[in-house]
Amino acid sequence: MSEKGTAKKRITSDSRSTRTTQPKPLVQLRDIKKYFPIAGGIPIIQKRQYVKAVDGVDLAIARGETLAVVGESGSGKTTLGRVTLGLQKATAGEVWFDGKRLTDRSSEERRKLRRQMQIVFQDPFGSLNPRLPVGDQIEEGLVAHNLGTSSQRRKRMHQALELVGLPAEYAVRYPHEFSGGQRQRVGIARALALDPEFIVLDEPVSALDVSIQSQVLNLLTDLRDKHGLTYMFISHNLDVVGYFADRVAVMYLGKIVELGPVDRVFTKPQHPYTVALISAVPKVEAHDLKDRLILEGEIPSPINPPSGCRFRTRCWLREQLGNPERCATEEPKLVATVRDPSVSVACHFPLEDGAAATTRSGRAEISRAAKAVRSAKRVPKSALKSTPKSKKSATAAKVRRGA
Amino acid sequence: MKRDALGPVIDVRNLNVSFASATGTVKVVEGVSFHIDKGECLAIVGESGSGKSVSALATIGLLVKEQATVTGSVKFRGDELLGRPESYMRKVRGGGISMIFQEPLSALNPVTTIGEQIAEVLVAHGRGNWKVANAKAVEYLESVEIAQAARRAKQYPHQLSGGMRQRAMIAMALAGEPELIIADEPTTALDVTIQAQVLDLLRRSTRERGTALLLITHDLGVVAESADRVAVMYAGQIVEEGPAAAVIRTPASPYALDLVASIPSYERRGQSLSTIQGMVPSPANFPSGCRFHPRCRFAVAACSTAVPELKARGANRSVRCFRADEIAAGARPTTKRGGGKK
Amino acid sequence: MSSVLGSLLKRAVPKRKPQKALDGGISESPWGQARRRFFSGRVGPLGLIILVAIFLFVIVGSFLLPFNFYYVPQPDEINFVGRGPAWGRPFGETGLLQLDVLTLVVNGGKTSLAIGFFTAIGSITLGTLIGVIAGTLGGRVDSALMRLADIFLMIPTLFVILVLARILQGAHGGGIWTLIFVFVVFGWMGLARLVRGQVLAIREMEYVEAARALGVRPLRIAVRHILPNAIGPVVVSAPFIVGGAIISEAFISYLGFGVDGATPTWGNVLSESSKFLQQGNWWWIGFPGLFIVLTSLSINMVGDALREALDPRGAK
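Protein chains in written order, with this note's numbering: chain A, 1 to 403; chain B, 1 to 342; chain C, 1 to 316.
So that you can see chain A by itself, here it is in the shape it has in the complex (with noise of 0.2 Å):
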């Protein structure tokens, strides 16, 4: 692992800001869909249904770089893993890797390729086959690829597995002998055996405790570094997020809707689902409850998205500027932003300084400026009337009447 690890060109931690300017990028997805067909139905009769797991992610993830894939249950992130890694087919779209398209390539050649790309996944109890010692499991990718002797594949488990920290005499042991923490490690250390350059990191930490969750991460950044790995790392945590990752696609109905580095997302976040994203986590560092941006209403069924843009039924700045007709009608792309073309933002209306909109003072303020805005391009009435909760619903079944 090291000799190949340390030959690649590994960007250190000082230099992660000038990360994203890689040329090539390792990872590229294009206009990616994943449908999944609802079953039931009457055939012919009834329009067949689809669940829009992911519709039209564009993607590019750069050698050495962490991505970090964030959103809430039914955003399509764990999807979109699975489809970067093959385990599941596109319905649509292309994913290349290394300048090698993955799509429509044989199974038998998707396979060979796996040695390159590892997943680790979200539950330290499921994802460990219950009747295999662990070790046999770590080897099982090197066997599968006929990597060496036996001799020489036990080795090299060995070291897998004190790469994360295990004693390697652990190698005998069942799964069920191990802590949650130690279970994360192997899984880990099954996916670094085969000395991958891409991981995708499905929720690692998640199911663990605080104080275990901290030594993972750790451990993860330690692997990137010494290895030069890149990493995807899809979570709903934006605290893990914002600590781990290079840059950051926040996810909403299997669409981006803001994309660019951590350090300008979490700062400056454009897009208002961000905004509340971020605001909705609830911070050690107390503040007060009231000021928080609290989202109304619950994810809308990824079966029929919202027509335009998919966060408007939700969408708190949507309100502030008095309902306008586009977001209903066009669905807004994923730009880079003329404020910092590092960002992109799929928004018609993108926020300067998304962050003041955590605090109530700072929405007050945007509302003002909503409201000049309004005035000055003279909306008409009926869309213009500041929006008190009983009249609300009546204003949305006017745009959705609209549409």
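In case anyone wonders, no lab produced these hints; they're calculated from the structure. Hints may be right or wrong, so weigh each one.
As the list claims (entries may be wrong) - Stretch-level coverage of chain A by chain C, calculated; a stretch enters the list once three of its residues show a Cβ under 8 Å from a Cβ in chain C:
no. : segment
1   : 126-132
2   : 304-317
Stated by the list, open to error - The list that follows gives simulated cross-link-like pairs (lysine to aspartate or glutamate, DMTMM-like), each with its CA atoms no further than 25 Å apart:
no. : chain 1 : residue 1 : chain 2 : residue 2
3   : B       : K27       : A       : E177
4   : A       : K283      : B       : D200
5   : A       : K33       : C       : E204
6   : A       : K155      : C       : E28
7   : A       : K268      : B       : E267
8   : A       : K283      : B       : E267
9   : A       : K89       : C       : D142
10  : A       : K283      : B       : E103
11  : B       : K154      : A       : E296
12  : A       : K33       : C       : E206
13  : A       : K89       : C       : E28
We put the beta carbon where it would ideally sit given N, CA and C, even for glycine.
On the provided structure of chain A, position chains B and C as indicated by the hints.
Chains B and C in isolation, oriented as in the chain A frame:
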């Protein structure tokens, strides 16, 4: 019904819980004391296996008598609950104390509508006949901000989303007009934005009604935002107690100190996270002396033999650590492990 | 005793030697845990002792007291009532041909147990194979196989067994193999469904996905990751299949459609004896009956204990 408005709603003293196992009795909770006043929120925070949920269940007599031995004192409105028969406890749980669970789907009856389940609580408390209760159930659903409450009342639990179900659970808990609500990881299973809604709702509705809230959680962020006071549990004992903001900002026990320091955040980017070496010990073999000493950065020889008491520190805080004063004065770690570099 | 079951279990399930970890702890496989749980109970080992005793009794006995229908000593006079148990003939004698009941029980047991075990081996192999194929391949293969299972389940099994036994065995009944064949052909469906369900559930487990992500070939995934985790219920059901087949044979032979009298089985001995029950002869029907009951009882004890030992709720 309501007797004394001045004393704490619940006052737990020296609670011990032990389970019988194949290898002998295992003491899971030891010497836990806490009290909650009217309208106050106490959070018990700890990792898995710390005994936080068991403490809560023991408080309201939800542990199976044949398996668990509970000693100590649990006074609810001045009324001793330990040793009461099951029939009495059922009455208390229905009326004075309500419970909210992590997974509402398993706590709600799947074959009865949400409205009926709330109405049932009302009828059981003699708050009107079924007709009145059904109407009131809709009001309760409205009070937890469920849109189209009348329609939702006629739906079954599986037809609601996770956040909505948790709201319904809260409505049901409130319907009993309890003086204490125990919420066991109420938002852990929910998405971030929904979690924010539910926490906010829970806190507001208990404050408005003057209901005491016991919040069991592993999330220090939740504690910081919702709780007035916090008790940090480790290996079956409370290791630190005090006002939530103060404890989280300036933890005095080594465990709380490291726990707070191990939380990743954007602000800690680029720093190595502080970790706590090793694992949470299992109740079958809690270490001798201070239970945290094998993992403690500040441990000295005495920590492995003598057992520290939970001692008051200042007006409203208490800490279980021999070296609390030295640590507060800036004592260096005795071992190098786990320290985060700045 | 435990070593006998140990070897039995070893054959039934892949077993790993517990290895000593360097820090002194002994690593125990899930199968090892199950074995320990099985032997720490009371019901399982007791059932096993009875079962093994019956086996030894039957196997050793059939060597000492061979039976050949065509060399049966002819009695001087025909009596409907045989002689009761006494020294030299502990189980008594039958009426009519005055055969030694012990010889009949011992040799009948050989046949009955063989029918039970070969039926179990046959239907477990067939059922597991079909279940794994249906579960792993899925799609049309799965639907076709499961419809086939439905069809077999819809046919009133007993009726078909009676008819088939008659056709295959000719007018006078016949060898035990035809009976085993019929039992297997009509005995795989439940297991196939069980295994298929298991496979479908396990296929979705993250460790199977992890194996795919590692690039492990599908066949190896099925054999190494899916099958060992799906086999638990099969192991549990094995004793019940053995017991079921023994009872079925007894039932069918009792009706006169099973193995003919030239080869004694517990069933056809019972069948014959019941005709002379009115004349007394309790030992004639009693001893083979007792053995059927004991066998099926001990098998059920073993089966229940196995279920408890393999129950994932107990695993921790």
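Here is what the structure says about each hint:
no.: 1; hint: 126-132; in the structure: holds (count 7)
no.: 2; hint: 304-317; in the structure: violated (count 0)
no.: 3; hint: B/K27 with A/E177; in the structure: holds (22 Å)
no.: 4; hint: A/K283 with B/D200; in the structure: holds (14 Å)
no.: 5; hint: A/K33 with C/E204; in the structure: holds (22 Å)
no.: 6; hint: A/K155 with C/E28; in the structure: holds (23 Å)
no.: 7; hint: A/K268 with B/E267; in the structure: holds (14 Å)
no.: 8; hint: A/K283 with B/E267; in the structure: holds (11 Å)
no.: 9; hint: A/K89 with C/D142; in the structure: holds (21 Å)
no.: 10; hint: A/K283 with B/E103; in the structure: holds (23 Å)
no.: 11; hint: B/K154 with A/E296; in the structure: holds (22 Å)
no.: 12; hint: A/K33 with C/E206; in the structure: holds (23 Å)
no.: 13; hint: A/K89 with C/E28; in the structure: violated (39 Å)
Of the numbered hints given earlier, the model fails hints 2 and 13; all others are met.
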